[in-house]
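*Asks:* For reference, the chains in residue letters:
There are 2 protein chains.
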Amino acid sequence: MLTLHNYFRSSTSTRLRAALNLKGLDYDYKAYALLKRETQTPEFLSKSPAGLVPVLELEDGTALSQSLAIIEYLEEEHPEPPLLPADAKGRARVRALSYMIACEVHPLNNLRVLQYLTSEFDADDQGKTAWFNHWVHATFAPLETLLAESPDTGTYCHGETPVLADCCLYAQMWNNKRFKVNTSAYPTIERIFTALDTLDAFRKAAPPTQPDAA
Amino acid sequence: MLTLHNYFRSSTSTRLRAALNLKGLDYDYKAYALLKRETQTPEFLSKSPAGLVPVLELEDGTALSQSLAIIEYLEEEHPEPPLLPADAKGRARVRALSYMIACEVHPLNNLRVLQYLTSEFDADDQGKTAWFNHWVHATFAPLETLLAESPDTGTYCHGETPVLADCCLYAQMWNNKRFKVNTSAYPTIERIFTALDTLDAFRKAAPPTQPDAA
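Those sequence lines, one after another, are chains A and B.
The first sequence maps to residues 122 to 335 in the numbering used here.
The second sequence maps to residues 122 to 335 in the numbering used here.
Each hint should be verified, as a subset may be incorrect.
The list treats identical chains as interchangeable, and a pair is accepted whether it falls inside one copy or across any two copies.
Derived DSS-like pairs (lysine-lysine); straight-line CA-CA distance at most 30 Å [what the hints assert, rightly or not]:
hint, residue 1, residue 2
1, 249, 301
2, 144, 249
3, 249, 157
4, 301, 210
5, 144, 210
6, 210, 298
7, 210, 249
8, 325, 151
9, 151, 298
10, 157, 325
11, 157, 298
12, 210, 151
13, 210, 168
14, 298, 325
The hints are simulated quantities; they were obtained by calculation from the structure and are not laboratory data.
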């Protein structure tokens, strides 16, 4: 059995849960409260020196880290259903959409960054909300353009079955809700989120349905 | 002929140049001065709505964006020499090392983020340098642990030939130099950088050797 070390609210955890569910893979759910620094214990750091969730522990004890690296691993070891298209240009498109969220939005808006803004720059709640919104909009505007204008976009980010980019988009949209980001300027993104949110694999990955949700 | 739209100092550009050179692929070099907002023109935005470098334009006009998505594309279309190991766990390791830099360090330290810190939080040069250093050390400490303790680490990040993670590490080290980050606490990372810096593919990708370097 796989063991998923994660946190209900972490968006990298959410995207990995969606991928595991899409692949039909069962896992033991282990929760770590980030605010209580539960990933900073010697035991957790021995699995993941960066002290970050998610970590996927394989049956042989191998601890995989970095959500996108884990999903690529799942894609290679459990190819059905595919989370990347069959053609190289399609895969490049899906990965680029994914990395727009994973490399341009999420890293700027996670907990430890917001904490640093408070401690070092005296950012108040308003300043942090403005920061969060700024980086979402900086990427969601071009993301909307790419999704709205491409014939490759279907019900989901790339055609009629969910792909890696949908896992990232779904998780980011849940993150956006926490900071009350207004995404009405992005009708294609909102439409795709709504479609994903009807699917069991995504509903069961959503933060509020996890065992450690408050 | 491939066309590389990029900027000498951009570390995502540097990692892509290294990958192109390792694959032995020729490209037309097109430079964009980020400080002069040369990626914000309608022509460039039509290739890349996010207005970010690098973009790799294929012979058929397809514009690929996001450096890691482009390198994965190159790996699929030009598999030799490989930039990912042959086994799935090895690939997961190399991708995780790469994403530690690409998702945890680089996004926090690029130009537009530093500009935002100045405009919204009145960060001075000292504050920006502290910010830059903080995020490098937050990831380089666990990265050093992972590299120093794994039997998979060789002359380079994974064995005796450079991989995707080496492209990311090499580019980040050049970025670190600009902000005078002291990396002496990371002897494995420094050793790998020094080894990479003797290779033509990397030397020719380094910021100071590009046509647009000041």
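*Asks:* For each hint, tell me whether it holds in the structure or not.
*Replies:* Now for the hints, and whether the structure bears them out:
1. 249 x 301: For residue 249 and residue 301, the Cα distance is within 30 Å both inside one copy (12 Å) and across copies (28 Å).
2. 144 x 249: Classified as neither: same-chain Cα gap 36 Å, cross-chain 43 Å, threshold 30 Å.
3. 249 x 157: For residue 249 and residue 157, the Cα distance is within 30 Å both inside one copy (21 Å) and across copies (28 Å).
4. 301 x 210: neither (35 Å within a copy, 39 Å between copies)
5. 144 x 210: So residue 144 and residue 210 pass the 30 Å test inside a copy (23 Å) and across (18 Å) alike.
6. 210 x 298: neither (32 Å within a copy, 35 Å between copies)
7. 210 x 249: neither (37 Å within a copy, 38 Å between copies)
8. 325 x 151: within (15 Å within a copy, 46 Å between copies)
9. 151 x 298: For residue 151 and residue 298, the Cα distance is within 30 Å only inside one copy (24 Å; across copies 40 Å).
10. 157 x 325: So residue 157 and residue 325 pass the 30 Å test inside one copy only (25 Å; across, 46 Å).
11. 157 x 298: For residue 157 and residue 298, only the intra-copy Cα distance (22 Å) is at most 30 Å; the inter-copy one is 35 Å.
12. 210 x 151: between (37 Å within a copy, 22 Å between copies)
13. 210 x 168: Between. Shortest inter-copy distance 15 Å satisfies the 30 Å Cα cut-off; intra-copy 35 Å does not.
14. 298 x 325: within (17 Å within a copy, 45 Å between copies)
Of the hints listed earlier, those the structure fails to meet are numbers 2, 4, 6, 7, in rising order.
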